[in-house]
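Q: Residues per chain are reported as follows:
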Amino acid sequence: MSVCTLRINDHDLAVPLGTTLLQAARQAGIHIPTLCFLEGLSAVAACRLCLVELEGSDRLMAACVTAAAEGMRVHTDTPRLREIRRTVIELLFTEGNHVCAVCVANGHCELQNLAVEVGMDHSRLPYRFPQRGVDLSHAQYGLDHNRCILCTRCVRVCDEVEGAHVWDVGWRGEHCQIISGLGEPWGDVNACTHCGKCVEVCPTGALFHKTDTSEEKQGHPERLQALMHARTHQQWNP
Amino acid sequence: MSACLRLCTAASCRSRGATELLEHCRKALASDQAQLRVKEVGCLGPCSDGPLLAIDPTDRLLSLQEVNGSDLETSLAEALQRGNDATGLKQWQPSGSRELSPDEPFLNLQRRLVLGRCGVVDPESLADALAAGAWQQLPRVLEQNDPPAVIEIVRRSGLRGRGGAGYPTGLKWATVAAMPGSQKVVVCNADEGDPGAFMDRTLMEGDPHTLLEGMAIAAFAVGAQQGFIYVRAEYPLAIERLRTAISAAEQQGWLGRGIGGSGFSFEIELRVGAGAYVCGEETALIHSIEGRRGVPRPRPPYPAEHGVFGLPTLINNVETFGNIPALLELGVEAYGTGTKVFSLTGHVQRSGVLEVPMGTSLRTIVETMGGGAPQGRQIKAVQTGGPSGGCVPASALDSPVDYDSLKALGTIMGSGGMVVLDDTTNMVDIAAFFIAFSREESCGKCIPCRSGTVQLEMLLRKLLERRGQVADLEQLEALCHTVADASLCGLGQSAPKPVLSTLRHFRGDYLALLPAAEVQR
Ligand SMILES: Cc1cc2nc3c(=O)[nH]c(=O)nc-3n(C[C@H](O)[C@H](O)[C@H](O)COP(=O)(O)O)c2cc1C
Ligand code: SF4
Ligand code: SF4
Ligand code: SF4
Ligand code: FES
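If you read the sequences in order, they're chains A and B.
The first sequence begins at 1 in our numbering and counts up by one.
The second sequence begins at 1 in our numbering and counts up by one.
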């Protein structure tokens, strides 16, 4: 296996070729915030939180999809990156209706945690209060579009892991929405196996168990990772 | 050349009644013994004077704007009866028509390489195209059977992509050619979504064979067998003419299997896009060709490595391919610095499509060729590069149009849309127009672009409604940088450019919208 050496912040590391900057950083114990990325799913580089600076280049790179290369010098926590991360989180808050106090995921929400991490105590940009709907047509689960940040983890887990492809993204730009089936109510989509994977990987309170009330939803991405590990290595006993 | 009327029936002249005039010409010719032919051709250039009619062999160019169809019919019939001489067709001038002198700068400062046959040939007739020199370079290339030599010519010519980014074409071809595997794809990006741009449409409507030949040569050079032209559905005439041209070229053996008796095979399929600007971005375009949602993905991997259906793929713009036959015909020396096609619109006396030597000054194009601002007005700026570009202030009109000069001015050459703005224009309005376009066309995949363009437009509207403060201007600028730095694809990365460029050159227009007391500080 070929190896390359690089420097992330003040850590020198050697990683196998093909390792992403995110994996390399995590191995070295360096934290890079992520939202759309989830180990076990394909990377889409959509949330832009994991952007890093490379010395000698003005262009920022998404750590979740950029491969480490020999001699790279990477910075993960510069003022420029901090400003971008805070703005991205603010933009997410302004485009939805995130009323944490009454949310099922309050206290266990990745978006909320990131807001704390980037030091966002308020948004410098105005909230837009869009009109969005809630889909409670599924017997066990619900979807509140007000809290959806379009990370597409649900889309990918249902397609890539469960193989049901219930979810997709409809429309464009600010009108984008997660849609089930051909834009039908979730409960009417026969392809859904009720496996709950989408609910487990959703980083916010957008997808939830109907039995959860405020602060009760806990995401379980580790179950996805255990499943992917089991499938890859054919080891089914934990 | 025998006597012939060439009437432009491309989109612009068509919208001004060219097809009706065509019928009248045909009726007048029906009883003609001299067998004068009227043919439909592509764009003749000065669209704002259209409908345009050229008369061969004298090459006279008439503007038929004020001409009544039945008057035209009678006067043409009469002229034909008098014969093709000084009293007849040679001097024929229907009442209301205006003759454009061949010495007019709009016409004589052009160098038509890509558009050399546009407006000359009937785009629906392969015979016409062949007679005018189409499909002569491909057989030469096949005979020499030396793909690296073709790539070398393209590289030495210095040709850069005309789709906007200006990537060196020779290098791109060499990269695709060097990719392993026996199956490769060539894609023509004919999505042309920039507001104010119609260069690619002009070539497709006026001379589709040049594009097809350029693509076939590229396919041979890089080793591809399959080609796609991705064209937007808003271009029905271009689509129809491309269809006709593809099947004619197939019948003639210039496309398909064993081309020109060689072992080379190349097929071209049309893909009609629904007209989303982002589908011009190459990875989104690839997804769309594959039948998936037209959404960009991060690069690398670049299309050269992983393109349509995972195959190594060469993607070039219509005009880029359109340069190839002329380049091979002329050779690198005579080709020189090449040309650029522009579509000139906005506050100018004469708008249309023009092809000029690379490096012609903006002033020459806008003032000398386009006639400058309307009566009593002054040019304030020229917008180039569409929603990904910016504005050149009138003080910089002497800059040459080439990739680097425009970049230094904070805009881009882009694909060639050129919108002239006079002193009645508020540049904040222009910035808001382009941001609104980008907001509308954002695919929504990444947050900085999806949500950032909305906030940018809200800030601009706030300023325009005179509700803004100095702090809003600062926030606008900061957000522009974030959206540009953080977005996933070129749409979001360049969406703030019209704002940043107008802030740079026309800050006064922004300050004028703020409360006077605040600006004083
Ligand atoms: C949002 C966006 C829209 C684009 N639209 C077009 C287009 O309509 N036509 C085009 O040729 N290139 C367009 N491009 C550039 C292409 O992605 C690509 O760079 C080009 O087709 C490459 O061809 P070239 O090297 O011949 O210029 C666009 C890029 C972006 C980011
Ligand atoms: S419950 Fe399972 S099958 Fe149903 S939408 Fe969610 S992931 Fe897909
Ligand atoms: S529902 Fe949840 S997982 Fe799906 S896109 Fe929205 S936030 Fe992401
Ligand atoms: S920059 Fe805009 S168009 Fe490009 S991927 Fe992001 S949201 Fe889509
Ligand atoms: S985690 Fe890399 S872009 Fe979202």
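It should be emphasised that the hints constitute simulated quantities derived from the structure, not laboratory data.
Possibly wrong hints are sitting among the right ones.
[What the hints assert, rightly or not] Reference listing, derived: stretches of chain B covered by chain A, where coverage requires no fewer than 3 residues with Cβ under 8 Å from a Cβ of chain A:
hint, segment
1, 202-214
2, 478-485
[Said to hold, decoys possible] Away from chain B, derived, C-beta distances all over 10 Å, residues of chain A:
hint, residue
3, L54
4, A62
5, V116
6, I149
7, G163
8, H165
9, D168
10, G183
[As the list claims (entries may be wrong)] Restraint-style ranges between C-beta atoms, simulated for each label pair:
hint, chain 1, residue 1, chain 2, residue 2, range
11, B, S265, A, P126, 54 to 64 Å
12, A, N9, B, P236, 48 to 58 Å
13, A, E174, B, E290, 46 to 56 Å
Ideal placement from N, C-alpha and C gives every residue a C-beta, glycine not left out.
Q: So which hints don't hold here, by number, going up?
A: 1, 4, 6, 9 and 13
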